[in-house]
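Asker: Given the structure of chain A, go ahead and fit chains G, Z and D onto it with the hints provided.
Number of protein chains: 4
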Amino acid sequence: MVKVGVAGYGVIGQRLADGVFLQKDMELVGIADLAPTLSIRALKEKGMPYNLYLVDGADKSKFDALGIPCQGSFADLIGKVDIMLDSSPGGVGAKNKELYEKAGVKAIFQGGEKNSVADVFFHGYANYEKGLGVNYLKLTSCNTTGLIRSVDCLDRKYGVDRVAITIIRRVADPGDYHRGLTNALQLEKAPSHQALDLMTIMPHVEATGILVHTPVTHGHIITVVAHGKGGKKITREMALEAFKNHNRIRVVCLEDGFLGNASFFRYARDLGNPRGDMYEIGLWEDSIVESGDDIMYAINIPQESVTIPETMDGIRAALKMQADSASATAETNKYLGLGKWKK
Amino acid sequence: MVKVGVAGYGVIGQRLADGVFLQKDMELVGIADLAPTLSIRALKEKGMPYNLYLVDGADKSKFDALGIPCQGSFADLIGKVDIMLDSSPGGVGAKNKELYEKAGVKAIFQGGEKNSVADVFFHGYANYEKGLGVNYLKLTSCNTTGLIRSVDCLDRKYGVDRVAITIIRRVADPGDYHRGLTNALQLEKAPSHQALDLMTIMPHVEATGILVHTPVTHGHIITVVAHGKGGKKITREMALEAFKNHNRIRVVCLEDGFLGNASFFRYARDLGNPRGDMYEIGLWEDSIVESGDDIMYAINIPQESVTIPETMDGIRAALKMQADSASATAETNKYLGLGKWKK
Amino acid sequence: MVKVGVAGYGVIGQRLADGVFLQKDMELVGIADLAPTLSIRALKEKGMPYNLYLVDGADKSKFDALGIPCQGSFADLIGKVDIMLDSSPGGVGAKNKELYEKAGVKAIFQGGEKNSVADVFFHGYANYEKGLGVNYLKLTSCNTTGLIRSVDCLDRKYGVDRVAITIIRRVADPGDYHRGLTNALQLEKAPSHQALDLMTIMPHVEATGILVHTPVTHGHIITVVAHGKGGKKITREMALEAFKNHNRIRVVCLEDGFLGNASFFRYARDLGNPRGDMYEIGLWEDSIVESGDDIMYAINIPQESVTIPETMDGIRAALKMQADSASATAETNKYLGLGKWKK
Amino acid sequence: MVKVGVAGYGVIGQRLADGVFLQKDMELVGIADLAPTLSIRALKEKGMPYNLYLVDGADKSKFDALGIPCQGSFADLIGKVDIMLDSSPGGVGAKNKELYEKAGVKAIFQGGEKNSVADVFFHGYANYEKGLGVNYLKLTSCNTTGLIRSVDCLDRKYGVDRVAITIIRRVADPGDYHRGLTNALQLEKAPSHQALDLMTIMPHVEATGILVHTPVTHGHIITVVAHGKGGKKITREMALEAFKNHNRIRVVCLEDGFLGNASFFRYARDLGNPRGDMYEIGLWEDSIVESGDDIMYAINIPQESVTIPETMDGIRAALKMQADSASATAETNKYLGLGKWKK
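For the protein sequence lines, the chains are A, G, Z and D, in the order given. Letter 238 of the first sequence, counting from 1, is numbered 239 in our numbering, and no numbers are missing. Letter 303 of the second sequence, counting from 1, is numbered 304 in our numbering, and no numbers are missing. Letter 66 of the third sequence, counting from 1, is numbered 67 in our numbering, and no numbers are missing. Letter 171 of the fourth sequence, counting from 1, is numbered 172 in our numbering, and no numbers are missing.
Among the hints, erroneous ones may be present.
Said to hold, decoys possible - Computed cross-link-like contacts, SDA-like style, restricted to lysine to any residue with a CA-CA straight-line distance of at most 20 angstroms:
(1) D:Lys-45 / Z:Glu-46
(2) D:Lys-343 / Z:Gly-258
(3) D:Lys-230 / G:Glu-291
(4) D:Lys-341 / Z:Met-49
(5) D:Lys-233 / G:Asp-162
(6) D:Lys-190 / G:Val-252
(7) A:Lys-190 / Z:Lys-245
(8) A:Lys-343 / G:Glu-28
(9) D:Lys-47 / Z:Gly-258
(10) G:Lys-230 / D:Lys-45
(11) A:Lys-131 / A:Ser-328
(12) A:Lys-343 / G:Met-49
(13) A:Lys-233 / Z:Glu-207
(14) A:Lys-190 / Z:Glu-286
(15) D:Lys-115 / D:Val-12
(16) Z:Lys-190 / G:Leu-39
(17) G:Lys-343 / A:Arg-42
(18) G:Lys-47 / A:Leu-23
(19) Z:Lys-47 / D:Gly-338
(20) Z:Lys-45 / D:Trp-342
(21) D:Lys-230 / G:Gly-293
(22) A:Lys-47 / G:Pro-275
(23) Z:Lys-45 / D:Glu-256
(24) D:Lys-190 / A:Lys-343
(25) A:Lys-131 / A:Ser-117
(26) Z:Lys-234 / A:Asn-334
(27) G:Lys-245 / D:Ala-191
(28) A:Lys-45 / G:Cys-254
(29) G:Lys-234 / D:Gly-231
(30) D:Lys-341 / Z:Glu-286
Derived by calculation from the structure, the hints in this document are not laboratory data.
Chain A extracted, bound-state conformation (with noise of 0.2 angstroms):
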């Protein structure tokens, strides 16, 4: 049983700490965090299903005045771990690396960090291997995790040179109240850096962008522009294909009634999946359309959940549990119950 922890109990953490929850060949240890927020106090409200240990600075006072129990220091959580989740307001990751560092123990950081905090950027699918028995990986940011997704389903298996991307990103996450857009469309300098990751982790394709932020809170949309390798053409029945036969995407229809990324979250809220999350990328069959050598697709990605998976893949490679990228991701799938609704 792999033993796992997960620092930063925000956004992602949270959802790290559910996805390992879920993986029968780990074990979650506990979770550290700063301050009674309101996810904490969540927590508590729900009995402590997680274990929690506080990171240095914090307040056991106000812990305690709530009657919110706490296991002991990040050190003790640290030194009862395998691996480290980090997902730690941004910068701090790379300091709490030193601990991990000093302890002797790996960790996954989430994209806020830089990429120097890290041995290796990492996918689950497109560079698995590059990660095996790595000690220290960075995940790709939630739009590069699910670009990626897609263009690696087509590159695997027709080959891909060349994509072009537009990013249509959700400026807040539900709830957040420190930033935000009010009318307005903004532009960030091309070429967006997802664009540049996507080169990082797959060296053979070029990759250019341009990312406009927009005011709704979830589920970017991307479009991509992609040229099938040398030229080749991918037709709108092959990439079709390809993506129905992804686990990790999940195939949808305007006409169905999935007219936007909002559907997406009411779905998952109807589903019952928790918090209302969903894994998969979505990826509307009615957007798919061809022009020249060039396939085009529209692609919806749920920001706060769908670096889960990835993550559970990276542990597996840190730690060696699966050889290659196939056995990884299907072992998280299984767990997550992933491409489960396709029957």
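Answerer: Coordinates of chains G, Z and D only, in the frame set by chain A:
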């Protein structure tokens, strides 16, 4: 065991079904709908925990094509129940009523129907006794339901003779595309129907109010200016004490992180509540202020789920399961876990 | 002096009237509408700078009650003009056409009408010559008009044989309450009509695209992936040079403060432009990137006003005021002050 | 001719400059700013109708590079004026005050500064006389300015001794990207500062209130519950008559098309008002309702421009141009065209 059916498996119908399912003294016989909507598809993907019946006009072949099993017709469902919860689209409930009357089955209609569809316009706390044994009840709308909870709470304890309300209304539900508002606040003709409805349920209170639609999807906020009976002052402390003792009111603070309507939704998601729903209204301790004889405060109304408890109360009244509001609401609260969070 | 009338004094009609008013070689005979809308009331408050005629079905007593003077019937207006600009609600233009035909008057229809209403689907730069002397023109829609400006600009100079576009569409105009979108991105079935329309106007270009509605009110953003003719590469520098020389394209930079669509609106307000309108499309210098043989860039489309210049061009074509696109657009630009800002 | 300068040419500063420019008994000597912002670039593109001075720390070479002429330093501007209107970013005004004091120049600060920066907290109608001859005034904020207009209007005619307000606040200005709110309503700790500020200006009125931020960019809406002096009832008709006679209040109806805050902005654009601005607050006739002794109504506050008239009044007070509120506001109104629309 009281047998219950639900007509219309949309935003409200799904939650009514879930609510009935949790009442240990009720049996959910089944739900009825017209088309394989996303909500029905989600039910299928979950493994059909509820039996499905088809209303007249439904095309069974569409359900068959998707492998969605149906247990019979709408008449079949009506024939098996003691009471129907009708959450059909506005206007359809009035037509369904003819079927209910023919079958000698009671029914509770939701806010979208005209008041004339029912014998009694109902609220579980404010006029439970009027619903005892009645055949056709109509529930107050989401805003009115939550508003009355708070006004009845003060009135019951201290007496209230006048309220002036400002409703800051969410304009659409999460996942809606057919209605919305973009960068605009839209006023409705005053007085708002919620103020008029409150006077129907609580005829000893004079009420008026203004409603403004805002471009958000979860949680109305209402400010209430209440005047104590005969000018008797209700202080901040008195109000707070009453609110804290109510099992369907969740008193929160800005400084704990409940910064607005989105916080309740995020908190309920983190609690693991199905669909991220919350049955309680929120009430901000830091919003309560005095002004002369008046007391002013702000509440949050989770529009998708707030009417579920009062509808369960309605079943109890119509079928005389409990003789008074106190015992009926206590049963409902027990099964829905309301008030439990206070320990 | 060419005599012009405007039917429908709404969002577009008001701006068409203003545009004609500025053309020194045209006379705005009057405008026609059905009811004393806010736009008509504003015209009254401004002192009736334009003559008002009433379309069939209008209730003159309502205008009288407000002291709004009317100069006659729709037929009276049609009888005094050489050409009508029809910006009536969708579908009404087709009916009005019968009146225009009977009176032997030419007309230009806006994007809301079906293509079949007109003899030629028109764009001032891309197919001016096809409109010469033609009786009935239909203007491209706002997105298509702006998109074609940019594609034609590259095509004219370097040749373009293929484009793949992503339209990030504003869902409503400022002041709209009857349509809107709240916290959702909504996809349309691909390929978008704008891509198809582009191919009608520029038949030598292959085009496809995906459209996503977003909850904002001013300014569509379109990303374009363009493939040089025969694979001949258009570099970033080549594209920039062409764009900078176009009088209806305003090249801007993020670092100057043009951070998104709302910046154009604010800038136009600060310029003192009537209604805060801008006739130019915006093009971000920092968005232009190369990808293999392709060039990618982002433009901003001010949806309320972008079609005005091309409609002025249409009058020039239909009435053969100028023989070719270059001289016609130069006249229009001169009167609208387009390109002046470059000094 | 009173000589006026403006420090800070942002959202408010631009409008202050325009306002002074329209006062025939004042001269706008110039404006001062730090960097070639979009607003300064727009001034340049308009042909520099106002003289520009550079505040300390400005990099003149950046202005030179853009061909933007500067007339001198901030000290030069201060040396030429009788009074400065300071609309610098919050906190800067307090520093600038030292320069004003040294130069013996009066100043009016905007809402962003602390009250302590000024000798008198000022409103043109409610306490004009307190500002007579005073060196340093601070204007009420946009919400407070508009709110007081309406409360003073009733108080002056009928007497008011108590108000409870709900502020439905726009969270950002058009063109803002650095602040915003997405799909959330955010509450502030009660009582709101606007209620407290009202009591400072109108000490005989007891006021409290709750403020909720909403994701829109133009126009706050405030509901007011007002209690007549000594319980003397103000009827709907009495209130309406008073409001209709006020030259800075525009009484409108829902049925005329003023459906919400966005209608005022659209109407002002259609009027041809520069920037689509409106100096008047809006007041919905259909929002006025009675509740016991109380009168309730809703107003619209155009946040960008509403303080301009009262700032002009402030100049008149500080420099003793008129001896009382009635004559001062009449002069301001005449030059700004306020009340003209009533004929």
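Asker: The structure should be examined with respect to each hint, and the outcome stated for every one.
Answerer: Consistency of the hints with the structure:
For the hint linking D:Lys-45 to Z:Glu-46, the alpha-carbon distance of about 31 angstroms lies beyond 20 angstroms, and the restraint is violated. Between the alpha carbons of D:Lys-343 and Z:Gly-258 the distance comes to roughly 40 angstroms, so the proposed pair goes past 20 angstroms and is violated. Between D:Lys-230 and G:Glu-291, the direct Cα distance comes to roughly 18 angstroms. Compliance with the 20 angstroms bound is thereby established for this hinted pair. A hinted pair counts as satisfied when its Cα atoms are at most 20 angstroms apart, and D:Lys-341 with Z:Met-49 qualifies at roughly 15 angstroms.
A distance of roughly 18 angstroms separates the Cα atoms of D:Lys-233 and G:Asp-162; the hinted pair therefore holds under the 20 angstroms criterion. Of the supplied pair hints, the one linking D:Lys-190 and G:Val-252 holds, its CA atoms being roughly 14 angstroms apart against a limit of 20 angstroms. Under the criterion of a C-alpha separation no larger than 20 angstroms, the hint pairing A:Lys-190 with Z:Lys-245 is consistent with the structure, at around 19 angstroms. Under the criterion of a C-alpha separation no larger than 20 angstroms, the hint pairing A:Lys-343 with G:Glu-28 is inconsistent with the structure, at around 31 angstroms.
Among the hinted pairs, D:Lys-47 with Z:Gly-258 is consistent with the structure: their alpha-carbon atoms are about 18 angstroms apart, no more than 20 angstroms. For the hint linking G:Lys-230 to D:Lys-45, the alpha-carbon distance of about 64 angstroms lies beyond 20 angstroms, and the restraint is violated. In summary, the hint linking A:Lys-131 to A:Ser-328 is supported, as the alpha carbons are separated by about 15 angstroms, within the 20 angstroms threshold. At roughly 16 angstroms between alpha-carbon atoms, A:Lys-343 and G:Met-49 fall within 20 angstroms of each other, so this suggested pair holds.
For the hint pairing A:Lys-233 with Z:Glu-207, the CA-to-CA distance comes to about 18 angstroms; that is within 20 angstroms, so the pair holds. Annotation: proposed proximity of A:Lys-190 to Z:Glu-286 holds, straight-line Cα distance about 9 angstroms (limit 20 angstroms). Restraint check: the Cα-Cα separation between D:Lys-115 and D:Val-12 comes to about 19 angstroms, which is no more than 20 angstroms; the hinted pair holds. With a C-alpha separation of about 18 angstroms, the suggested pairing of Z:Lys-190 with G:Leu-39 holds against the 20 angstroms cut-off.
About 12 angstroms separates the Cα atoms of G:Lys-343 and A:Arg-42, which keeps this hinted pair within 20 angstroms; it holds. Proximity of G:Lys-47 to A:Leu-23 is assessed by CA-CA distance (about 18 angstroms); at most 20 angstroms being required, the pair is judged to hold. A threshold of 20 angstroms between alpha carbons decides the hint, and for Z:Lys-47 with D:Gly-338 the separation of about 12 angstroms falls inside it, so the pair holds. Our distance criterion of 20 angstroms between C-alpha atoms is met by Z:Lys-45 and D:Trp-342, whose separation comes to about 10 angstroms.
Proximity of D:Lys-230 to G:Gly-293 is assessed by CA-CA distance (about 12 angstroms); at most 20 angstroms being required, the pair is judged to hold. As the CA atoms of A:Lys-47 and G:Pro-275 are separated by approximately 13 angstroms, the hinted pair is consistent with the 20 angstroms bound. Between Z:Lys-45 and D:Glu-256 the alpha-carbon distance is near 18 angstroms, which keeps this suggested pair within the 20 angstroms criterion. Between D:Lys-190 and A:Lys-343 the alpha-carbon distance is near 49 angstroms, which puts this suggested pair outside the 20 angstroms criterion.
The hinted pair formed by A:Lys-131 and A:Ser-117 meets the criterion: a straight-line CA distance of about 16 angstroms does not exceed 20 angstroms. Distance hint between Z:Lys-234 and A:Asn-334 is unfulfilled; the C-alpha atoms sit about 43 angstroms from each other, more than 20 angstroms. For the hint pairing G:Lys-245 with D:Ala-191, the CA-to-CA distance comes to about 19 angstroms; that is within 20 angstroms, so the pair holds. Among the hinted pairs, A:Lys-45 with G:Cys-254 is consistent with the structure: their alpha-carbon atoms are about 17 angstroms apart, no more than 20 angstroms.
This hinted pair checks out: G:Lys-234 and D:Gly-231 have alpha carbons roughly 17 angstroms apart, not beyond 20 angstroms. In summary, the hint linking D:Lys-341 to Z:Glu-286 is not supported, as the alpha carbons are separated by about 45 angstroms, beyond the 20 angstroms threshold.
Checked against the numbered hints above, the structure breaks hints 1, 2, 8, 10, 24, 26 and 30 and satisfies the rest.
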